[in-house]
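Number of protein chains: 4
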Amino acid sequence: MSVMVDICLVPLGVGVSLGEYIAACQKVFEEAGLSYELHAYGTNVEGEWDQVMAAVKRCHEVVHAMGAPRITTSMRLGTRTDRTQTMQDKVESVTRRLAVGDEAD
Amino acid sequence: MSVMVDICLVPLGVGVSLGEYIAACQKVFEEAGLSYELHAYGTNVEGEWDQVMAAVKRCHEVVHAMGAPRITTSMRLGTRTDRTQTMQDKVESVTRRLAVGDEAD
Amino acid sequence: MSVMVDICLVPLGVGVSLGEYIAACQKVFEEAGLSYELHAYGTNVEGEWDQVMAAVKRCHEVVHAMGAPRITTSMRLGTRTDRTQTMQDKVESVTRRLAVGDEAD
Amino acid sequence: MSVMVDICLVPLGVGVSLGEYIAACQKVFEEAGLSYELHAYGTNVEGEWDQVMAAVKRCHEVVHAMGAPRITTSMRLGTRTDRTQTMQDKVESVTRRLAVGDEAD
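Residue numbers (the working numbering), protein chains in the order written: chain A, 1 to 105; chain B, 1001 to 1105; chain C, 2001 to 2105; chain D, 3001 to 3105.
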């Protein structure tokens, strides 16, 4: 089962600058060989369920090891059995509609 | 590593009445022997990371098997290394403050 | 338009004990005259959209005023035009199914 | 008070293809004159709190008017009083760390 997740990991007890922790998570996704894309309020990751979830767990482990005593993560998880759909497909299904100007309808 | 999650699983393509799918997830948590509690917009579950995440995966599998072609789940995941804290502890840490009337300060 | 939200407000830069901030938000909902219920990983609030959202904004303002330089909130928002449904209704639509033992089917 | 949100609006009762509804929300953000950016599992929007939240409400109204009887939205909301930070700043604070290879430290 493939999954697409959107994850926003928030370390607590380490002040307000979280960039280094987020960067550490990007490396986890990279090392896991997953397809991922950072955005301004999270990271999209896609792959097989077990691999993606192992990477999410690894993010928590790594960020705790960096000194964060507490972590709260918010995550969306999407699965579908009707067809495969990549991150790129999802964005295009929206932008295509905007491009053809269906707002004129 | 213990984790507390708050999960809201949303099956798509099955209409607007989702109670039976949510009930099926409650049974998954029950059968997994996890501590869980339903609320009006999700379910809190606590336990060892791997057990909780296996149950979350099982929820997706069960709901797809019930006929939902697509699922989008939103989830919060909390871990901490400083101390253990149950669902009950978390609620009490807030209600205790309200009970003693610290709003008078 | 009525809305039901599930809100989990997380102040950053104030350490790992967040109970007093969450308690302050409960008071905001109380003072706003809204129906709300704390759970282990958030608070459910229901009411008219504008009133609920004004209270959410007030929570951010109050928690900043308490000294938190940064806040990240995760929220679910549910609206429906087909019928009204309270927080209690939502929980009962699930527990009723569990009570009658439809897992035997 | 400025806010950055990450919003993922999910219409229920309209099948599994949601692209047209998401496109409609992009138009709402565009017409509101807000800065926004679509990603594979949501849209980032930044601006003044009241303007952003008015647009979120408008999204629910528009998607209901398109025929969706029920909507569940998941949203992250970030505010800070210590400094201003744009969507672009947030992405750069992470990618800069990756570029300079601070994993070697």
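What the hints contain is simulated information worked out from the structure, not anything from laboratory work. Yeah, the Cβ is synthetic: ideal placement off N, Cα and C, and Gly gets one too. Hints may be right or wrong, so weigh each one.
In the SDA-like style, the derived pairs of lysine to any residue whose C-alpha atoms are separated by at most 20 Å in a straight line are [as the list claims (entries may be wrong)]:
hint: 1; chain 1: C; residue 1: K2027; chain 2: C; residue 2: A2054
hint: 2; chain 1: C; residue 1: K2027; chain 2: B; residue 2: K1057
hint: 3; chain 1: B; residue 1: K1027; chain 2: B; residue 2: V1062
hint: 4; chain 1: C; residue 1: K2027; chain 2: B; residue 2: K1027
hint: 5; chain 1: D; residue 1: K3057; chain 2: D; residue 2: V3091
hint: 6; chain 1: A; residue 1: K27; chain 2: D; residue 2: V3091
hint: 7; chain 1: D; residue 1: K3057; chain 2: C; residue 2: D2082
hint: 8; chain 1: D; residue 1: K3027; chain 2: A; residue 2: S93
hint: 9; chain 1: B; residue 1: K1057; chain 2: A; residue 2: W49
hint: 10; chain 1: B; residue 1: K1027; chain 2: C; residue 2: L2098
hint: 11; chain 1: B; residue 1: K1057; chain 2: B; residue 2: G1019
hint: 12; chain 1: B; residue 1: K1027; chain 2: C; residue 2: D2082
hint: 13; chain 1: A; residue 1: K57; chain 2: B; residue 2: W1049
hint: 14; chain 1: A; residue 1: K57; chain 2: B; residue 2: L1098
Reference listing, derived: stretches of chain D covered by chain A, where coverage requires no fewer than 3 residues with Cβ under 8 Å from a Cβ of chain A [as the list claims (entries may be wrong)]:
hint: 15; region: 3027 to 3041
hint: 16; region: 3065 to 3072
Okay, the hints, checked on the actual structure:
no. : hint                : in the structure
1   : K2027(C) - A2054(C) : holds, 14 Å
2   : K2027(C) - K1057(B) : violated, 37 Å
3   : K1027(B) - V1062(B) : holds, 10 Å
4   : K2027(C) - K1027(B) : violated, 35 Å
5   : K3057(D) - V3091(D) : violated, 27 Å
6   : K27(A) - V3091(D)   : holds, 15 Å
7   : K3057(D) - D2082(C) : holds, 18 Å
8   : K3027(D) - S93(A)   : holds, 15 Å
9   : K1057(B) - W49(A)   : holds, 8 Å
10  : K1027(B) - L2098(C) : holds, 8 Å
11  : K1057(B) - G1019(B) : holds, 19 Å
12  : K1027(B) - D2082(C) : violated, 28 Å
13  : K57(A) - W1049(B)   : holds, 8 Å
14  : K57(A) - L1098(B)   : violated, 34 Å
15  : 3027 to 3041        : holds (count 6)
16  : 3065 to 3072        : violated (count 0)
Checked against the numbered hints given earlier, the structure breaks hints 2, 4, 5, 12, 14 and 16 and satisfies all the rest.
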